[in-house]
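Spelled out from the first residue to the last, the chains are:
There are 2 protein chains.
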Amino acid sequence: MQTSQAMKSAGSGADVKVTGTVPTTALPFLAARLDQSLPVGNEGAGTVVKVGSSDAAQALKGKTVSMVGGAMYTQYRLLNARDCQPLPAGTTAAEGASWFVNPLTALGMVETMKREGHKALVHTAAASNLGQMLNKICTEDGIGLVNIVRSPEQAKLLKGIGAKYVVDSSAASFKDDLTQALVDTGATVAFDAIGGGKLAAQILSAMEVAINKSAKEYSRYGSSVHKQVYIYGGLNTGPTELTRSFGMAWGVGGWLLTPFLQKIGREGQGKLRERVVNNLKTTFASHYTKTISLTEALQLPTLAAYAKRATGEKFLINPSKG
Amino acid sequence: MQTSQAMKSAGSGADVKVTGTVPTTALPFLAARLDQSLPVGNEGAGTVVKVGSSDAAQALKGKTVSMVGGAMYTQYRLLNARDCQPLPAGTTAAEGASWFVNPLTALGMVETMKREGHKALVHTAAASNLGQMLNKICTEDGIGLVNIVRSPEQAKLLKGIGAKYVVDSSAASFKDDLTQALVDTGATVAFDAIGGGKLAAQILSAMEVAINKSAKEYSRYGSSVHKQVYIYGGLNTGPTELTRSFGMAWGVGGWLLTPFLQKIGREGQGKLRERVVNNLKTTFASHYTKTISLTEALQLPTLAAYAKRATGEKFLINPSKG
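For the record, the sequence lines run as chains G and L.
Counting in my numbering, the first sequence runs from 24 upward without gaps.
Counting in my numbering, the second sequence runs from 24 upward without gaps.
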């Protein structure tokens with residue numbers, strides 16, 4: 024996303040238009056999107072005001088439901104019943120609005136870890152809303168989680184919510200701290216929100232050192248234990264720099280929620296969805312910096328604020344707000 | 024491997040000792056190997072001079088066989104019958120010596136491509152002995168292969184043996200040439216011998232552009248087609264630089280022959296081994312710069328020559344040579 028400095032605003036109120044220039048280098052990747060209107064908003068929640076005749080639809084009448092299916096930045100949305108998840112009594116639409124992407128991503132990481140045969144995991148930019156959820160899930164499920172943060176303040180925040188392994192990449196002892204946490208937990212998979220820079224390689228190297236500490240036999244190709252980093256975000260949009268000092272049994276790749284959900288199927292998804300909506304006030308609670316209207320979302324200073332994607336800053340859009 | 028400049032030779036003849044210093048940064052990865060003797064030589068061939076009483080062993084008596092199992096840099100080797108592969112009449116030990124690593128790696132790439140659902144593949148440093156084998160296999164099997172080479176001479180060499188898609192990374196039109204070859208073949212997996220630098224990312228980006236040329240729908244996360252680069256060598260030992268301009272459906276990882284062979288099992292291996300020994304004079308022929316003795320292998324100028332790992336330079340060790 025571009026910063027608002029490069030953007031221009033014209034018109035006012037509901038007619039405001041924000042425009043910006045796409046960098047030439049990005050154009051080849053956008054060929055299929057040029058001149059298309061792109062409705063936005065992955066997830067939301069609200070009250071069902073009208074229903075179809077099917078039993079599934081009738082059962083939702085008047086209920087507060089969480090929703091998924093895109094184009095959510097709107098006051099009214101027509102959806103299939105199966106894309107709505109009724110919320111338990113006493114849960115508000117605001118509490119249920121961020122029910123899908125972050126909670127299912129956090130659960131998806133733990134599920135991916137299990138399915139690919141790892142016994143513990145690493146998470147970076149770990150003080151994020153998502154990272155805090157992941158800590159709560161791992162505590163509940165008794166899973167080893169190594170949190171990598173970028174400041175002492177973030178480390179303190181996570182320790183405050185009960186995180187056991189927190190390592191600070193700004194500390195001089197980072198490499199040793201990380202290796203020790205990997206020895207203690209046995210983590211061989213990491214989920215990385217940062218993407219750019221040397222962190223992914225540092226994690227793989229530390230994993231390799233941790234594994235070799237208990238290795239009985241030397242192999243010139245490194246340990247045979249597969250070490251994996253999944254990049255699911257791009258807080259650092261610069262190149263990922265991999266100094267390959269971690270043997271040959273390794274992988275780095277993109278991780279995205281939708282293909283993961285396709286892989287586990289409707290039944291697998293159902294279980295995760297149930298777990299989320301039943302714990303929206305605790306494990307899966309989101310905290311917002313501000314609630315803004317659709318019009319406010321296009322005001323340049325507000326746009327600049329949420330485009331920073333800063334840890335601890337999260338905006339809730341209320342399409343019904345004037 | 025260190026260059027011989029940093030190495031010292033002492034003694035002479037069969038008693039020669041070559042020593043060198045391991046960089047401090049590499050020491051943590053070598054912890055399990057320190058003070059250990061490491062027998063070398065992955066593969067070889069020779070005449071069976073003595074056999075055990077089993078039928079399988081008896082059947083090999085007097086035969087010329089190819090062998091695998093390590094510690095091959097020796098005049099006599101005791102092996103299980105199953106680690107020997109009898110050569111067809113008229114095939115010499117020299118012809119059968121490099122039967123395993125390169126041929127099975129080339130076949131393993133094609134097999135991996137098929138098993139992971141890709142329909143064509145990319146190979147880098149493609150003018151190598153291995154790369155030439157891969158071209159012959161792909162021509163025989165009717166599989167699309169994009170060869171990436173680093174000079175016009177190498178391109179000419181490959182075209183001379185019938186390669187259809189050859190792109191030269193030293194050409195100004197490299198990016199466009201590569202994209203066009205990917206459009207033509209539909210290749211979405213690459214095997215990279217180079218490892219360091221920007222090439223892996225260039226391949227993934229070109230794959231993404233090629234896929235998006237035929238995309239019907241825009242996704243902000245890029246195409247949903249999985250693009251994979253397997254790094255199986257390190258001709259460039261510098262960091263792999265991934266500018267992530269290829270969506271989220273991608274992976275980069277190490278690829279090694281042994282884990283692949285474990286995955287396909289003894290029966291799968293048997294088929295590939297049969298194919299190799301029956302075509303050692305054609306598809307799987309190796310060409311050597313020089314045949315050297317074990318003593319010559321430790322002479323510093325010779326060591327410097329093979330440590331270069333240059334395309335087109337390959338040494339055959341004959342342990343029976345005085």
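Simulated from the structure, these hints should not be mistaken for lab results.
Please note: incorrect hints may appear among the correct ones.
A short, non-exhaustive set of chain L residues, derived as facing chain G with CB atoms under 8 Å [claimed, not checked]: (1) A37; (2) A112; (3) S247; (4) G257; (5) T263; (6) T266; (7) S268; (8) W273; (9) L279; (10) L323.
Positions of the beta carbon are idealized from the N, C-alpha and C atoms, including for glycine.
Consistency of the hints with the structure:
no., hint, in the structure
1, A37, "25 Å, violated"
2, A112, "36 Å, violated"
3, S247, "7 Å, holds"
4, G257, "7 Å, holds"
5, T263, "4 Å, holds"
6, T266, "5 Å, holds"
7, S268, "6 Å, holds"
8, W273, "5 Å, holds"
9, L279, "4 Å, holds"
10, L323, "21 Å, violated"
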